[in-house]
Every structure is written in structure tokens, then in C-alpha cells.
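K.L.:
So the chains spell out like this:
Number of protein chains: 2
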Amino acid sequence: MSESENKNAEPTVSEAVIGRLPRYYRCLQELLAQNILRISSAELSQMMGVTASQIRQDLNCFGGFGQQGYGYNVKYLCSKIGEILGADEAYSAIVIGAGYLGRALAEPGLFLTRGVFLKAVFDTDPACTEEGERNGIPVYPISKLDRYFAENKADIAVLSLPEIKPAFLDRLSALGIRGIWNFSDAEIPAKPGLAVQNVCPGDLLMKLCYGLRVADEQSRRKYEANRERRGNIKDEN
Amino acid sequence: MSESENKNAEPTVSEAVIGRLPRYYRCLQELLAQNILRISSAELSQMMGVTASQIRQDLNCFGGFGQQGYGYNVKYLCSKIGEILGADEAYSAIVIGAGYLGRALAEPGLFLTRGVFLKAVFDTDPACTEEGERNGIPVYPISKLDRYFAENKADIAVLSLPEIKPAFLDRLSALGIRGIWNFSDAEIPAKPGLAVQNVCPGDLLMKLCYGLRVADEQSRRKYEANRERRGNIKDEN
Chain F
1481 MSESENKNAE PTVSEAVIGR LPRYYRCLQE LLAQNILRIS SAELSQMMGV TASQIRQDLN
1541 CFGGFGQQGY GYNVKYLCSK IGEILGADEA YSAIVIGAGY LGRALAEPGL FLTRGVFLKA
1601 VFDTDPACTE EGERNGIPVY PISKLDRYFA ENKADIAVLS LPEIKPAFLD RLSALGIRGI
1661 WNFSDAEIPA KPGLAVQNVC PGDLLMKLCY GLRVADEQSR RKYEANRERR GNIKDEN
Chain G
1481 MSESENKNAE PTVSEAVIGR LPRYYRCLQE LLAQNILRIS SAELSQMMGV TASQIRQDLN
1541 CFGGFGQQGY GYNVKYLCSK IGEILGADEA YSAIVIGAGY LGRALAEPGL FLTRGVFLKA
1601 VFDTDPACTE EGERNGIPVY PISKLDRYFA ENKADIAVLS LPEIKPAFLD RLSALGIRGI
1661 WNFSDAEIPA KPGLAVQNVC PGDLLMKLCY GLRVADEQSR RKYEANRERR GNIKDEN
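If you read the protein sequences in the order shown, they are chains F and G. Start counting the first sequence at 1481; every next residue gets the next number (the numbering used here). Start counting the second sequence at 1481; every next residue gets the next number (the numbering used here).
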């Protein structure tokens, strides 16, 4: 892709399309694992639960990768989507906060399958004064953060801390961190040169509750409509 | 809200708006905790990192709650958004899978602050044969799931399992579960009467990597443009 094409194409891609790309990537990797090398947009649609026209539209944002009546080359499409998502950039990450959530995130599979190299975990527990390791990944006390970065680099900091102070974010930026995966309740704003993915688990739970309430409402309405219909039939008889 | 209004209003609300509602709710709860009872859309905008016109537009989807030149009543707005999100439905939940992620999710604060009552945790580890409790929440072996539901009810199942079989989902539905908060890599499709929130952590990591790659690209372009400009200035001299 030439730079001018790149300039024109990328900013027009919506948040919703970007949100679906990792799902395509996951789906295509599964297909590759099953040695399926070609797939139609109709088949991909069924796997993804997204309409075939949506898939074509999504992939057209990046120039389209299919051939009319021939479908998609799974390997090529997977590598192209991986490229768009930065999976081949070999980014590296550290996890800060080794509570239950930090430990869950630091499972090696999560990062490796997305092309990210998890280099170290930092424990904020002051009781953790010794260097250790978990699943082959070194665990350091947070007090050694600066010393670690004197000899190492990382692109991404995964923050599984209950609270994050602005000064701490500045410190991470000064250490060269350019991506923040934030699991605290406090929103961290993205800014030029700093990519942020805020994941507030409570927000996700509330979205589910919304879905549940709407589903309940629909069931209730359907039930009432049926009752009314039955009532009408009775009246007619 | 009358039923016909409800019918007309709810289906038009986009995924993006729903996604922002929990953030509004969180923000407004923070304001209430600080005893701030009135806020302008401009102030709310600054707190949220969303434009004021976006806020007005979002809240208009639900009929709008502000008064021109007077701002929003924080308590009223918070309770209204809570209502839309189902926070006052007193939904109840169980967590299935008590690994690190399950334990992180089962922290009592996460559920309680969103109006959801976490009733029990089920551990899939066959070694867990005894009933126990963590943070006051009972922990049972998964083998006691049916026996538990013979005497209890729950609306939401939080699945922190690596793999989920369709038969297990059918079993949960039969037990009365109507909401699934799924943390496995496998997408669970929503269907009438079943609300699903799929949270694939790896997908979120990939979205961050995308943001990082785009940010890096922008920095690189800016650097190159500056270098070119400096080159031109040199040439002119």
C-alpha cells in the first residue's frame, strides 16, 4: 500500500469495523488450524454471525481481498488482517498489577496468539520483594520498574490496578510505553502517540444487563400480545 | 414511558450509544459521590472525553433529560440511565469457572455497584469437592449446579471457562439463565430470550495493537514530513 493510499484509507474505517477485525482474524486462524484454505463470504458469514454483505463491506474498507464467485484465500486474508491489526509488528508488553486479573491476563497464550511478546509482570504488592517468575515470565516488584526499563523496552503496559494516577501514566510514557490496556474504572484518554484500550468490566456487565432488560421486555410484550390474541379468539367464539 | 413509545424508541438506539451509557452512569455516580447535583453538558463532556453535542444526541435517544441553559439534574439522570441499563432490575448472577479470571470477576464490588447480586461461584476444578466461600460468596463444585438451581434462581451466568459446549448453554437456558457474560474465545450467539455479552480479551488486545500501529504510522509520517520540510528549508538557504 502506498503512503497516499494509506492516508486516504485508514481514517475512514469506523470503530465498528475495527471491532470486528479481531473476530475475523480469530475465525480465519481457526479455519487455518483445520486446514481450510478457501472460504466464501456466505460460509464466513455463518461462522461469524454477521451478514455476507457486511463482511464484503468490512473488507472493502481495506481494499477487499475476495474474488467474485471464488471466495477468500484464508491464509492471505488472515495475514492481511493480521497486518492491519499490527499482529506482525512484534509488539512487546508488560503487565502491571499481579492480582487475580493481572494473573489471568498474563497467561502466555493470550498474548502469543496475537503476536505480542509478554516480557514481564510487575507486582504492586509491597510484600513482593523478591524477583520470581510465573509461566516462564519474570515477576518483579513495581519498585524495579525504572531499573527494568534501563535495560529493556516494551510498547504496551497492561494496567490491572484499581487506581491509576496521571503521574504514573506520564512515567510510563517517559519509559517509552505507547499503548495502554487499562482495566481500571478510570477512563484514560488516548492522545497523539498514545493508544489506549479502556476495558471497564463493569461497563460490559451493564451492557449485558441492558440486553437482558430489552430481551425480557420483548418476551413480556410477546406474552401479552399472545394473551390478547387468545382473548380475542375466545371473544369471537 | 407508554408501551408504544417504548416500541418506537428502543430499537433505534445504536450499539455505540448503548456502549456509552455505562460510562455516563459511572461518571454520574462519581459526581453524586462528590455531592455534585447539577452539571452542564459541557462539563459532562470534559469529564467523559465526548463532545457536548454527542452527549445531547445520545440522551435524546431516550427522550432527553436536560433543560436548555440549566444542565442536567445528576441524580435524576443517573437514575434514568440506570433504569435504561437495567441496574434497578435486581438481576442475579453466578460465576462459572473459578480460575484467576473468575476470581477477579467475582470480586463483590464489580457486581454490587451495577445493581447485580452475585449469588454463587461454581468451580470446574474436579479437586474442588467441598463447598466453600470467598468474600462471603459461596463456592460450589460444578457438579452441584443442578441441585443449586432446584432451590435457587439466577438471571446471568458469567462464563470464565476456556471452552463452552453448546449442550452446556442449553443446560443453562433450561435452568432459567437469560444472560451470558462470556469470556471464552468462542463467540456465543444471542437469540430471542438470551442476551449475550461476548468479551474476548484477545480481541481487545488486538484492537489496542491496531491503535498502536496507526499511532506509530502517524508519528512516522509526521517525522518524515518534518524532515522533508527541514530539507526544503536547507535547500532554500
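Certain hints may be false.
Straight-line distance between alpha carbons at most 27 Å, and here's what the computed BS3-like set of lysine-lysine pairs gives [stated by the list, open to error]:
no.: 1; chain 1: F; residue 1: Lys1633; chain 2: F; residue 2: Lys1645
no.: 2; chain 1: F; residue 1: Lys1599; chain 2: F; residue 2: Lys1645
no.: 3; chain 1: G; residue 1: Lys1702; chain 2: F; residue 2: Lys1560
no.: 4; chain 1: G; residue 1: Lys1702; chain 2: F; residue 2: Lys1702
no.: 5; chain 1: F; residue 1: Lys1645; chain 2: F; residue 2: Lys1702
no.: 6; chain 1: G; residue 1: Lys1645; chain 2: G; residue 2: Lys1702
no.: 7; chain 1: F; residue 1: Lys1645; chain 2: F; residue 2: Lys1671
no.: 8; chain 1: G; residue 1: Lys1702; chain 2: F; residue 2: Lys1633
no.: 9; chain 1: F; residue 1: Lys1702; chain 2: G; residue 2: Lys1560
no.: 10; chain 1: F; residue 1: Lys1702; chain 2: G; residue 2: Lys1671
no.: 11; chain 1: F; residue 1: Lys1671; chain 2: G; residue 2: Lys1633
Looking from chain G toward chain F, a few residues come up when the C-beta cut is under 8 Å (computed) [stated by the list, open to error]:
no.: 12; residue: Gly1566
no.: 13; residue: Ala1570
no.: 14; residue: Tyr1690
These are computed hints drawn from the structure, not numbers from a lab. As the structure is a prediction and not an experimental result, all values here were calculated from the model. Don't be surprised by glycine CBs; every beta carbon is placed ideally from N, CA and C.
K.L.:
Against each hint, give a clear statement of whether it holds in the structure.
P.N.:
Results of checking the hints against the structure:
no. : hint                      : in the structure
1   : Lys1633(F) <-> Lys1645(F) : holds, 22 Å
2   : Lys1599(F) <-> Lys1645(F) : holds, 23 Å
3   : Lys1702(G) <-> Lys1560(F) : holds, 25 Å
4   : Lys1702(G) <-> Lys1702(F) : violated, 57 Å
5   : Lys1645(F) <-> Lys1702(F) : violated, 49 Å
6   : Lys1645(G) <-> Lys1702(G) : violated, 49 Å
7   : Lys1645(F) <-> Lys1671(F) : holds, 16 Å
8   : Lys1702(G) <-> Lys1633(F) : holds, 23 Å
9   : Lys1702(F) <-> Lys1560(G) : holds, 25 Å
10  : Lys1702(F) <-> Lys1671(G) : holds, 15 Å
11  : Lys1671(F) <-> Lys1633(G) : violated, 45 Å
12  : Gly1566                   : holds, 3 Å
13  : Ala1570                   : violated, 10 Å
14  : Tyr1690                   : holds, 5 Å
When held up to the earlier numbered hints, the structure conflicts with 4, 5, 6, 11 and 13 and fits the remainder.
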